[in-house]
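Enquirer: With chain A fixed as given, assemble chain B onto it according to the hints.
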Amino acid sequence: MSPITSTTAVSNWSPVLIPGPEWRSFEQFRIAGSSALEGVTVGSVATLHVKSKVFRILGDSDFQRVVGLASEVHRLKQGITFVVTAARVVAKYPNDRDSMELLYRSASLLSESSILPEREGHDIFHMTPEEAEEHREEGFNIPASEIPRPTL
Amino acid sequence: MSENVPPIRTLGELEKSLSSLSHNDSAISVIRQFAAEMKDSRERLDVFNASGAIVRSPILSEETKALGFTEPSDDFTFLQGDVISTESAYFLGERVINSPKYVVLSSSCDLVPDRRQYAALLRIKEIREEEPESRTKLSYLLKFIGTESMYLPALPSDGPDVLCNAIKFDGICQIRNADMALSNRIASLSLVGWRIFASFSRMVIARATPRESQMRSALEQNLFSPR
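As you go down the protein sequences, you meet chains A and B in turn. Numbering of the first sequence is given in my numbering, commencing with residue 1 and proceeding in unit increments. Numbering of the second sequence is given in my numbering, commencing with residue 1001 and proceeding in unit increments.
Treat each hint with caution, since some may be false.
[Unchecked claim] Not everything, but these chain A residues come out facing chain B in the computed CB check (under 8 Å): (1) D60; (2) V67; (3) G68; (4) S71; (5) E72; (6) P117; (7) H122; (8) M127; (9) R136.
[Stated by the list, open to error] Here are the computed lysine to aspartate or glutamate pairs in the EDC-like style, where the Cα-Cα straight-line distance is at most 20 Å: (10) K1039(B) to E134(A); (11) K51(A) to E22(A); (12) K77(A) to E1094(B); (13) K1143(B) to E131(A); (14) K1039(B) to E137(A); (15) K1143(B) to E134(A); (16) K1143(B) to D1170(B); (17) K51(A) to E27(A); (18) K1016(B) to E1212(B); (19) K1143(B) to E1037(B); (20) K1039(B) to E146(A); (21) K1143(B) to E138(A); (22) K53(A) to E22(A); (23) K1143(B) to E1043(B); (24) K1143(B) to E130(A); (25) K1143(B) to E1133(B); (26) K1143(B) to E1129(B); (27) K1143(B) to E133(A); (28) K1016(B) to E1220(B); (29) K53(A) to E27(A); (30) K1143(B) to E137(A); (31) K1143(B) to D1025(B); (32) K1143(B) to D1046(B); (33) K1039(B) to E138(A); (34) K1065(B) to D1075(B); (35) K77(A) to E118(A); (36) K1143(B) to D1040(B); (37) K77(A) to D1179(B).
Simulated from the structure, these hints should not be mistaken for laboratory data. Source: prediction; values computed, not measured. The C-beta atom is built at its ideal place from N, Cα and C for all residues, glycine as well.
So that you can see chain A by itself, here it is in the shape it has in the complex:
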């Protein structure tokens, strides 16, 4: 049997969120105004108490990371269930070599597989040298700051 190798594909980001601003009532939040939300920095979660309910407020980038990771965990769940089932079989028949092999292989698959690969954003927009040569516009060197952007 080959040793179980650790995967490098699993996300390096972990959902460590620190407490941000806290408002004990909606009135307190309202008086603080929109500038209060500036305290909800990346990686922090604000807390808003409204009567008997508690709401958590986080920036969209953190929210998307949490949802993305949850989606990944959802996919992983199937693999873990498989390993747990194999472990149960081993617990029931501890001397059965085949069961042990099954557990080992399923754990290896989970560890080595590319179940959770990630890519860091989209890759760069490519042009061939020929295309660049053909479409280069003489004197067109506009800085980004001068390009108009539509208002949404």
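Expert: Positioned in the frame of chain A, the structure of chain B alone reads:
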């Protein structure tokens, strides 16, 4: 079907009728001609980057309801061509992180809640000032020359070094509809933006050279002829 269209009785006649419709790329030619008639890239930037030109604020169901579109089938959360940001989409089995942007490829009618489980997305690549040939890429995209990419202006939420965006039609991403519902909806396409997008999407899926048409016709020359 229009009453003026003669009845189609054989597969041969059906092929003949479809030949000018199914793989027609005249929509792209119209877009390219429009862009080509402008003086230079600066003029194209003024036209395509104007507010409401290609992109607009996300279209809300409440807005269309107020205009009388109140039938159950009019209800929507997302529309085809919406620009979104999410970390729950997959490209070639890999989850894409670092706040990537996408445009929704699936038809609006397939994005209605509970109708489909998955949606198709296309990647949006940012062209940044410091990357090689960045102005050439901008100039190229503004002319809508490539068949694999469509120009999108830099959006207000983009970084200050972003010159423009490009929708890539090469490679389709997948997302669960339930995850897409939680994505950040950044913008919708304007009416003309949606038409340009559909022209590209259609052409990428069903594009053919005249040679392919001739080749296939030659192979089947006698297949549908009357016995």
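Enquirer: Run the distance test for K1143(B) versus D1025(B): straight-line Cα separation, threshold 20 Å.
Expert: Distance of about 16 Å is within 20 Å: holds.
Enquirer: For a C-alpha distance cap of 20 Å, please report whether K1143(B) and E1129(B) respect it.
Expert: holds (19 Å)
Enquirer: Against chain B, is R136(A) within 8 Å by beta-carbon distance?
Expert: holds (5 Å)
Enquirer: Going straight from one Cα to the other, do K51(A) and E22(A) come out at no more than 20 Å?
Expert: holds (14 Å)
Enquirer: With 8 Å as the cut and Cβ atoms as the points, is P117(A) at the interface with chain B?
Expert: holds (4 Å)
Enquirer: Please work out if K1016(B) and E1212(B) have their alpha carbons no farther apart than 20 Å.
Expert: holds (15 Å)
Enquirer: Quick one, are K51(A) and E27(A) close enough, alpha carbons at most 20 Å?
Expert: Cα-Cα ~11 Å, so holds.
Enquirer: Under the criterion that the straight-line Cα-Cα distance not exceed 20 Å, is the pair K1143(B), E130(A) satisfied?
Expert: holds (17 Å)
Enquirer: Sort out whether E118(A) lies within 20 Å of K77(A), counting only the CA atoms.
Expert: With a Cα-Cα distance of about 17 Å, the restraint between K77(A) and E118(A) holds, given a limit of 20 Å.
Enquirer: Keeping to a limit of 20 Å between CA atoms, is the pair of K1143(B) and D1040(B) held or broken?
Expert: holds (9 Å)
Enquirer: Hinted pair, alpha-carbon criterion (20 Å max): K1039(B), E146(A). Please report holds or violated.
Expert: holds (18 Å)
Enquirer: For the pair supplied as a hint, K53(A) and E22(A), is the alpha-carbon distance within the 20 Å limit?
Expert: holds (13 Å)
Hint compliance for this structure: every hint is met.
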